[in-house]
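Peer 1: Going down the list, the sequences are from chains A and B.
Residue numbers are given in our numbering: position 344 of the first sequence equals residue 669, and the series is strictly consecutive.
Residue numbers are given in our numbering: position 454 of the second sequence equals residue 495, and the series is strictly consecutive.
One thing to keep in mind: the hints can contain errors.
[To be verified] Quick look at which bits of chain A chain B covers, simulated, 3 or more residues with Cβ under 8 Å:
#: 1; segment: 503–516
#: 2; segment: 593–602
#: 3; segment: 605–616
#: 4; segment: 1073–1085
Read the hints as simulated data drawn from the structure, not as lab findings.
Everything numeric in this text was worked out from a predicted model, so none of it was measured.
Each residue gets a CB set at the ideal place from its N, CA and C atoms; glycine is no exception.
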Amino acid sequence: MQNEYYRIAGKEQGERLESRVLEEKIQQAVAAGQRSLLIEAYGQHGLGGRLWKAGADQVQVRIEGQAGQRVGSFGFPNTSIELMGPASDDVGWLNAGAEIVVHGHAGNGLANAMAQGKVFVAGNIGARGMTMTKRNPRFAPPEVWILGSVGDYFGEFMAGGIAVICGVNPQNPDNILGHRPFVGMVGGRVFFRGPHAGYSQSDAKLIPIAAEEWDWLLENLRGFLVRIGRAELLPLLSVRTEWQLLAARSPQERGVAARRSMASFRKEVWDAELGMGGLIGDLVNLDRSPIPLIPTGDLRRFVPVWENRKYLAPCEASCPTGIPVHERWRLIRDGRMDEAVDLALAYTPFPATVCGYLCPNPCMQACTRQIAGMMPVDTSQIGKASIKAGLPEMPPLSGRRVAVIGGGPAGISIAWQLRRQGHEAVIYDMAKVLGGKISTLIPASRIPQEVLSAELERIRKVIPHVHLQQELQKGEVERLRQDFDYVVLAAGARKGRMLPVPGKERLITAQAFLEGAKTGAIQPGKRVVIIGAGNVGCDVATEAHRLGAEELLLIDVQEPASFGKERKEAEAAGAVFRWPCYTKEITAEGVLLASGELLPADTVVISIGDVPELTFLPENIATERGYVKVNERFQTSDDRIFAVGDMVKPGLLTDAIGAGRKAAAAILALLEGREADTAACTMIDRTRVTLEYFDPRITAFESPEQCGSQCSSCGACRDCGICENICPQAAIARRDKGGTEYAYEVNPDKCIGCGFCAGACPCGVWGMEENEPIG
Amino acid sequence: MPSNRPITPSTLSAKDLLWQIQWDKEKCTLCGSCTAVCPVNAIELGVHRKRVVETALGIDKASSSIFKVYHGIRQKTDPAYACVGCAMCSLVCPNSAIMPLRTDEADKQIYHINRGGHPRSRGGRRNVPGGILDRIKFMRISMLTDPALDAGRHEFEIRTLLGRVLPPEESLQHLRENGWIPPVREIYPLIIGSMSFGALSPPMWEGLQMGVAYLNEEMKMPVRMATGEGGCPPRLLRSRFLQYVILQIASGYFGWDEIIHAIPEMQVDPCAIEIKYGQGAKPGDGGLLMWYKVNKLIAAIRGVPERISLPSPPTHQTKYSIEEAVAKMIQSMYMAWGFRVPVYPKISGTSTALAVLNNLTRNAYAAGLAIDGEDGGTGAAYNVSMNNMGHPIAGNIRDCYLNLVALGKQNEIPLFAGGGIGKTGNLAANAAALIMLGASGVQIGKYIMQAGAGCLGSESDRCNICNIGLCPKGITSQDPRLYRRLNAEDVAQRVVDVYLSFDTELKKIIAPLGRSTSLPIGMSDALGIDDFHAAERLSIKYVV
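Given these sequences and hints, build the entire structure.
Peer 2: Now the structure itself:
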């Protein structure tokens, strides 16, 4: 330190110099080579900074009087400033290297933004000291030494440098660090000695003082105390245990908030206050622990169910006889043609005649394949093949007997079913051969005679036939009722419905015509008019054509209801359909219409339906609109008398056969003293069936085998194993249950309820059900 | 479904649907996760027949037609199984092979979701994205005109008052004369609005309450949550956490007998009582908790038999006018806790809100008024109510506040705003805008479901199936198979995160305005908007 100072006064002629003027004087003095300056300050701003004009030379600045703010701002490393009294605000602001000594207290903002240099304060400082300080790696870190305490918000945004706070005669003995220090601190270190009232934990942390840091502190403490003239304090300040060191948290440390974990809060606070299980632990004992999105077992939302044969296939459901057609295709697929053929006999005594030739096959009309525009599987093929069906061995007779009046399809069906169950059913019929309409009315063109004969022969072998010589008379049913356990009325509808018009006696009924045509007793002539253009009318037209008629006219009051083979054959025979035509009279010339037009005819056939003969019935048998009234079990108002077939309701052959089967089931139940099983299965939802596995190009089936391969087996497992393979969890396995029995089973511990099995199944056997509700 | 088939008026193609599933055959591994997780069974395994005709170049060899079958994910087009766009399929897909995309065309499904004559009902909120709150700017940056504040280092007092504040002279008079001084709570201005236990799943509700308790006890933030109209679990009623709870009473009075039974055993008073008259999402309509949500637990809390539907009527049956409703309901509710607990009504945003407010100003007991605007959410309402009924909250709250100013009572009856706050994620900005328009605090519901539990619902009509109990995130379901997807602890943690970040963001907004120790309630000179008419209507500055 030089002894000779160049004195610069801050006041001239009693007038205080402006800061600008004093600054000019200082700069000029330094430029002129002055290196020791004594400034008498009068509140001027920024004294002692910016003295670069001295180059590498050291410049001493001693400030007496009252310095203004920002002493030593922009201070250079060559500069050493000494304030001989207390300092105002912002001492060492943006200091870039100057050493500044304050022999007293300092105001706010000390060392704000200071980057290099040192500030020594012999007292306390105000608020916001050491804020925004930095450390440039090119230089030594800035240092701030405070003998006493610091004011509020110390070290805000401190990004580097070292502060030492000695805590000697602090302003507040209880807190030498002030209020909320080190907020936003990101760098630097702070040694301090004395009590504090907390600091920003998220920004700063206490660290142990390493040996070299203690050594540095002790060594530099001595220098500090010497500079402020308080060397005697060294022993007091050399007690290592009184010092603490605080550093900024690293960015990595900041992420981890020093907060209680929620798990700990839940356990130690939440559950402690509320009780085990928390908020609702007293109300439920369900497991509420977290689960993943795709769980298995009880936690699955949906569960696959192998609903094999739970629902009827559309073919089976729509067959009035109830034949499970798809089951027959399955047997064929399995190479069991014989069984497929024989199976039908459990349902119908006419598997070939009806299914193969005479039935319009509602089963095919219902076939699921049609919703995708594919040919229905051809039932008539297996129907025709059923001519080979062998008569099964019949059980011995039980002694229970049922009388069946009428040997048509309905009567034969019920007798057939009863006999198969070991009960005797005797058919009473006026015809020489059984078969009813099948034998007597259906044109020979519709079915080969040998097929019909073979099937009737098969029936004849097991069903006794009482050939009546005359119509049943009143009272005879009552007698049969006494002799038999049950009586079944199955006499059909054999009375042609007539029109109440003049000349009706000239009409021949369709039944009479067809019977006569079959036996050759009829010569229709060239012109035939048929009143009633239904399927029977069509049969009449076809037969009339066969017998030489040339003009065939079918008239009706409405659009004809005829369809299918009958209609096609009539049209092929040249039949003309006309409607609406209202018949006024039948004359020798033909049919006179209400319009006055005459339709010339050699023969006029009336074919507007048949009604049953009811005159022989006991009084107690209720009728309705000309038919016998029955309940859903085909039981009449006399509970031991049943009625089936056209006596109950006109229908297809298959309707009559189905009625016989159902009525037989009801009688069997009564015979065996049990409730009849009336629980009807529902038909499968066709959308469950997957048809994409089948070839859409097939336009005709070449063989029963091909039919079998193209049947999607709606509702009945094809045992194809696609479900096993599509299951992403390998949860489905086929279990052999012995013989031909098997089941596909789901392992609930693997299954996730994705529904792939249901989506992929060709048969629609897999259903997805909502899992059992929990809670 | 076969391609060649009869159609009905409601037969739709995938293109007609609002949400269309895009599935990539190449990436799909057929793991079944998507179909297993889909909440509405919109997708299924499909079997597809594929034909390839192979013809040799030059046609010198016989060509062949080969059919192959492949399996893939197929979207159902029946509107009853319409995809809701929740994208849980995308969430679980290991190969990113599936994703719902919103139609690029006008929605056709909307015309067919009323089958059986039942108009659509759903959860969520008005299917109109955005709103005016996002357009309000804070443009009075004080910096040098007031002491500049720094959200990061200054200390803030983010608090508001819930309760009737008497004018000083009245207060002193009451004090002198040992009169009744209304209870006032100092609370955090962001309130979790009423969502019932029942509408929300057990882990969601417990998670919210746990988060609120954490904020109070660990973070010293006096956050409050309203129960909604579904009662309150008995344990909560008897715990110290009850002080963080605003109990709601509404027209169904569900669970209130349990609350009454608990009063003698309460350790602390609840924060306040909210009387619900209306809800922003479905003003003038009641609530309905469908029977499938009313399991044993919900039945116990609500005090009803299991598995019955619980409708709340649109109105309280024993109230006939504003005056009567306010007077007798507020009296009754005060009486239950010895006049120690503030009681305030909540109404839906409406052009008649001023009439209600004016009545409240004349009722010395009214502790405040909560208004729920048209963008509020709900667990179940008719789509038509949600989309078309109600009043925007900004104008409603502003009218009410300016009315209080005209009466000189703006510091006496706090207004609370709800409905669409944070609808586009700008929670703090929306809240600050409403506070500066005059709200003392804001209520959030949907936002906390989205931020706190990952609710997928949005105003693009995504998900929004809270009403059918099939919430894919387990937020609004009572089925353990769904709600166990949600962990109460995780929800609580998210609630804490939301509040802490909101707190910082709110400070970031109000600090530049020079506010730190009191909320800038009604400080509308800070607000501007680039719409002249909106500025006029809200009495704020028009700025461009």
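Peer 1: State the violated hints by number, sorted upward, taking the hints as numbered earlier in the document.
Peer 2: Of the numbered hints given earlier, the structure breaks none, since each of them holds.
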